[in-house]
Amino acid sequence: MTGRARVRARGITRSPSATAAGCLQASPTPVSADLSDNEASSNNGFEETSRISQQCKDVVPSGNAECTLMKRGGKIFPDVMDLGVCTREKLAHVRDSKRGSSGIPVKLVTNLFSLDLPQDWKLYQYHVTYMPDLESRSMRIALLYSQKELSNKAKAFDGVILFLSEKLEERVTELSSETRRGETVKMTITLTGELPASSPVCIQVFSIIFKKILKKLSMYQIGRNFYKPSEPVEIPQHKLSLWPGFAISVSYFESKLLFSANVSYKVLRNETVLEFMTALCYQTGMSNFTQMCEKQLVGLIVLTRYNNRTYRVDDIDWSVKPTHSFQRRDGTEITYVDYYKQQYDITLSDLHQPMLVSLLKSKRNDVEARMVHLIPELCFLTGLTSQATSDFQLMKAVAEETRLSPQGRQQRLARLADDIQRNKDARFELETWGLHFGSQMSLTGRVVPSEKILMQDRICQPVSAADWSKDIRSCKLLSAQSLNKWLIICSSRAENVIENFLSCLRRVGSSMGFNVDYPKIIKVQESTAAFFGAIQKHVDPDVQLVMCILPSAQQNYYESIKKYLSSDCPVPSQCVLVRTLSKQGMMMSIATKIAMQMTCKLGGELWAVEIPLKSLMVVGIDVCKDAFNKGMVVVGFVASINLRITRWFSRCILQRTTTEVADCLKVFMIGALNKWYEYNQGLPARIIVYRDGVGNGQLQTLLEYEVPQLLSSVAEASSNTSSKLSVIVVRKRCMPRFFMEQNRTLQNPPLGTVVDSEATRPEWYDFYLVSQAACRGTVNPTHYNVIYDDNGLKPDHMQRLTFKLCHLYYNWPGLVSIPAPCQYAHKLTFLVAQSIHKEPSLQLANSLFYL
Amino acid sequence: MPNRKATRNAYYFFVQEKIPELRRRGLPVARVADAIPHCSADWALLSQDEKEKYADMARAWRAAQGKESGPSEKQKPVCTPLRKPGMLVPKQNVSPPDMSSLSLKNDQALLGGIFYFLNIFSHGELPPHCEQRFLPCEIGCVKYSLQDGIIADFHSFISPGEIPRGFRFHCQAASDSSHKIPISNFESGCDQATVLQNLYRFIHPNPGKWPPIYCKSDDRARVNWCLKHMEKGSAMKEIRQNLELLTVEDLVVGIYQQKFLKEPSKTWVRSLLDVAMWDYSSNTRCKWHEENDILFCALAVCKKIAYCISNSLATLFGIQLTETHVPLQDYEASNRVTPKMVILDAGRYQKLRFESSGFSHFNYSNQEPRSNTPTGDYPSGVKISGPNSSVRGRGITRLLERISGSSSSVPRFSSCDTALSPSLSPKGGYKSFSPLS
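Protein chains in written order, with the numbering used here: chain A, 1 to 851; chain B, 1 to 437.
Hint data in this document are derived by calculation from the structure and do not stem from the laboratory. Honestly, I wouldn't trust all of these hints.
[Said to hold, decoys possible] Think about it this way: if two alpha-carbon atoms lie no more than 27 Å apart in a straight line, the pair counts; the simulated DSS-like pairs of lysine-lysine are: (1) A:Lys625 / A:Lys90; (2) B:Lys51 / A:Lys361; (3) A:Lys625 / B:Lys216.
Whenever a hint applies, use it, and build me the whole structure from the sequences.
Structure (structure tokens):
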């Protein structure tokens with residue numbers, strides 16, 4: 001059972017947004033409403049620049065004449081801010097070249113397209129004022145656009161700031177125009193800046209341009225991505241339809257401006273809320289219909305196709321009917337029926353339906369949120385219900401459509417490029433701005449050599465680095481403590497499977513070199529209280545491990561057991577579902593997996609890889625929001641404490657903060673260095689920190705706030721020669737995708753592919769590494785950005801070390817997508833954030849108790 | 001150094017808390033003074049309740065200052081909530097403790113002192129711009145003394161009233177993630193005025209001074225708001241003036257200080273109050289939450305505070321823990337531990353206890369010499385748990401026997417008081433529930 005599968009089984013993802021009994025920012029978790037990529041992840045993808053464009057839309061003229069886009073950019077455009085953080089120039093050893101050389105070159109196709117600009121291309125920024133002042137943004141725009149002087153120029157205007165690709169003759173241009181009411185309005189257009197194409201503001205303007213272009217290709221923006229409702233993929237047997245679409249961004253890569261596009265899908269249900277209500281009414285009967293309706297519908301995300309917007313159903317108003325009237329913004333009253341007729345030419349069929357209520361997000365906190373009434377007949381359900389996500393057949397059908405192979409993905413990309421180049425309007429838009437949409441970019445990556453896995457008695461070269469469980473089946477683990485005194489707590493239902501499981505466990509254990517004695521078996525009733533009581537009663541300081549055979553995947557069991565056994569009474573614990581143990585055919589592999597986990601929890605080491613650097617400490621840091629109390633952030637810190645990099649020191653803290661920046665790194669680092677000193681009688685010569693969980697726009701903060709914490713703790717630890725420190729920001733979500741061309745088809749690049757040119761950024765010391773296997777769909781490369789580096793390792797060595805570290809995650813006998821310390825830190829913070837909600841006991845810090 | 005520092009007000013503490021965030025934003029703030037200009041806007045956005053938290057901190061600081069300022073002021077009864085004369089139940093006929101007297105005498109006053117722990121659950125918290133911030137749905141209150149443990153408890157569901165339009169999802173989600181009380185059509189909910197009336201009769205059955213009420217500091221704003229909201233519909237506004245809501249954390253600090261004349265660390269106090277070990281103890285949650293096996297219960301929160309204080313503090317005073325202090329009965333269950341198989345039947349014990357201690361709402365024992373005899377009938381929801389004298393002490397004796405008999409079967413309890421125990425070995429004859437005992 002993988003971590004994710006286990007979480008799903010436990011029903012965490014299914015619970016309707018486990019919100020704290022507190023804050024309102026309860027982000028709805030539409031279960032996989034947005035399958036943004038091949039990984040059918042339930043998180044909403046961060047697709048970078050499309051966010052910018054959305055925010056551009058939200059820029060409303062504030063009437064403050066001083067305010068320029070750049071100024072606001074400080075808050076609004078976080079990812080552009082990250083691009084302004086030039087870390088590479090401070091790192092002397094990579095100033096000239098950050099490219100490695102080892103490995104076999106491989107030719108890769110990317111999802112990046114070049115955008116060509118003339119040499120002297122410039123963007124002209126103007127400020128527009130109106131006399132008399134106009135409040136309405138649309139009025140401002142309409143008046144400006146009606147001017148002849150501007151009519152055939154490429155322009156972008158948000159009501160205050162006007163961007164032109166050509167300079168106006170005068171620095172200050174005065175225009176006048178007449179409104180429909182006959183008022184004369186004077187407009188003053190003042191030049192405020194000439195921006196070169198490399199300016200971050202230009203990137204925003206390019207995004208706006210592409211937003212326009214995609215609109216012309218009849219794509220609609222939903223959230224951050226663009227979808228094409230006219231070509232839906234239907235899955236009739238499950239009443240679903242998928243809208244194909246793209247996440248796009250425009251950005252400066254190593255040498256030139258590139259446009260990148262990723263395939264994305266929107267999952268919609270072919271069912272309106274009204275149909276859903278009617279079906280429910282037949283099913284349940286009238287008596288408790290309203291109750292059931294509220295229970296089932298409240299919290300769902302609906303899409304209204306007349307404007308392609310999504311809303312969350314916050315409430316149902318049974319007292320309002322479509323024939324009732326509401327007040328429009330201009331003060332006139334109109335009934336809902338008439339409104340939809342006038343505005344969208346839609347005739348409502350059912351005039352007695354109740355109304356759905358949705359709260360719109362207020363832009364500022366202190367302003368009361370606005371509420372909108374929605375007509376159930378016009379609302380389509382989106383996303384998948386919890387019922388649907390647990391339906392294997394349905395998920396398979398969805399995955400088949402959404403997980404595109406590299407070949408399929410390439411076809412979609414080629415078609416988009418074709419559309420942009422062929423569509424007359426789109427081409428016109430590009431041409432007036434002076435842009436040229438170029439060809440798809442290909443580049444050369446390198447495949448670094450595969451790694452050998454060191455076991456106790458032999459060195460094995462795995463057949464596939466993606467999974468070496470078969471290769472190490474008969475090998476002895478590096479070290480394993482024997483398990484003498486342990487407990488199994490189970491319900492009577494598990495009675496018959498236990499004997500078989502135990503004998504399997506003992507058998508696989510002995511071949512691994514992990515000695516398992518007979519446990520004390522405690523049978524209890526099937527209730528959380530009984531399990532909990534049994535643990536309290538029977539766990540004493542001599543017990544090495546508690547195994548709980550849980551009768552169901554209820555969160556209650558897991559949470560209470562983990563909470564008690566990791567903080568109140570620190571003993572390693574292993575929870576297994578009865579259902580898992582009932583799979584007879586897979587018993588051996590299940591037992592192997594569990595035996596390995598138990599070994600780790602007791603402080604054992606499973607395998608190692610050859611790491612030539614001596615006296616190296618690697619550290620992983622991750623942060624995660626607490627599931628129960630949204631104001632809390634869990635910071636996890638995992639550091640290696642031996643030379644072989646097989647033993648780990650893990651700490652975790654809950655901090656009250658709004659941003660995901662760690663406060664307590666100094667304490668953690670000093671703790672880890674002390675531990676290292678204890679084991680190795682000295683301090684590590686090198687420390688390499690992998691930092692995961694960095695949000696957009698936090699790079700500068702990281703440099704100014706976290707790196708100094710680490711540096712000062714390292715400096716304090718020793719008086720003479722302090723350890724050298726490197727900090728690397730790890731990102732799993734990034735725009736570029738790489739495909740390898742082979743036998744005239746495209747495939748995923750091989751494991752260990754490194755890309756450190758062209759798709760990287762000039763101002764960073766960064767590279768991409770493919771360290772995970774995707775059996776279906778397209779692989780996501782991981783992006784590494786070295787933001788601080790005292791060690792001065794050659795780029796080659798840094799890349800290879802990172803690849804080696806991806807082999808060391810003991811919960812999976814194969815490569816993982818991020819370095820092991822990061823994955824451990826992630827696992828730890830996830831456990832604390834989901835189940836424990838408090839700091840685990842320090843007594844467990846030396847073992848991987850959270851696996 | 002008198003008067004070197006100006007007095008610290010609520011704003012000072014707010015700014016102090018904000019400093020790390022400002023630093024993260026890259027502002028050069030070394031001291032509170034530097035940060036003051038950056039915080040005024042945020043301060044203005046705080047609601048009165050939120051500000052109250054900082055005002056409390058300022059008050060606590062001032063109180064601490066006052067204490068340190070000179071030995072002559074040491075006996076001032078403002079230092080901790082404990083020293084307030086109102087702490088004692090008026091009918092007890094013991095004069096307010098004289099703090100300058102011997103420690104033993106203090107102890108006795110402290111031991112007999114009665115505290116009320118109160119908690120009110122809400123269906124989430126609505127954003128600041130709403131008039132209604134909380135929707136009270138469950139109330140739990142416990143009458144406790146160090147000497148006698150839990151003397152009585154009060155529990156009731158509250159009908160939350162109409163959910164503000166548009167917040168159904170928000171309330172539902174908040175409820176689902178914690179106490180899971182249905183937001184509508186829940187039969188057990190009583191109307192707010194009645195609940196409040198019953199609560200007041202529970203806390204304050206006779207005219208006289210009001211005892212102080214305690215709740216956890218995190219819950220204070222909510223409980224306060226809910227009490228205020230609930231009395232809007234009832235005619236008890238003048239009573240409200242007398243009700244004083246203090247934090248349990250301060251109470252623990254107070255007890256500790258009084259006993260050992262030094263201040264415990266904040267972390268220690270927090271870890272003392274936040275233990276999972278009693279989560280599933282029998283007779284802790286209300287009936288509804290027990291039946292549905294949901295951890296979050298207002299009554300359980302209050303009872304667990306009592307257990308934690310009993311377990312960590314009462315033992316330091318040399319009090320024998322009884323079933324009213326901690327749910328002992330869960331830990332004295334069968335001792336038939338065969339090496340290979342143990343059969344534990346939790347249900348059987350629950351049934352037994354059910355019969356022995358009685359579950360009726362009006363069960364009341366007069367064997368409690370110190371407790372007040374009720375003048376009238378008790379309001380619904382109140383439960384007085386007076387254990388029979390035959391039951392009392394049985395648990396601890398058996399426990400002690402077992403401890404001396406076989407050390408391996410000592411129930412391993414919370415380790416949170418390890419910080420405390422080394423310096424304070426329990427007095428001979430009494431054992432605390434700690435792994436070190």
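- Task: May I ask which of the numbered hints given earlier this structure violates, with the numbers listed in increasing order?
- Result: 1
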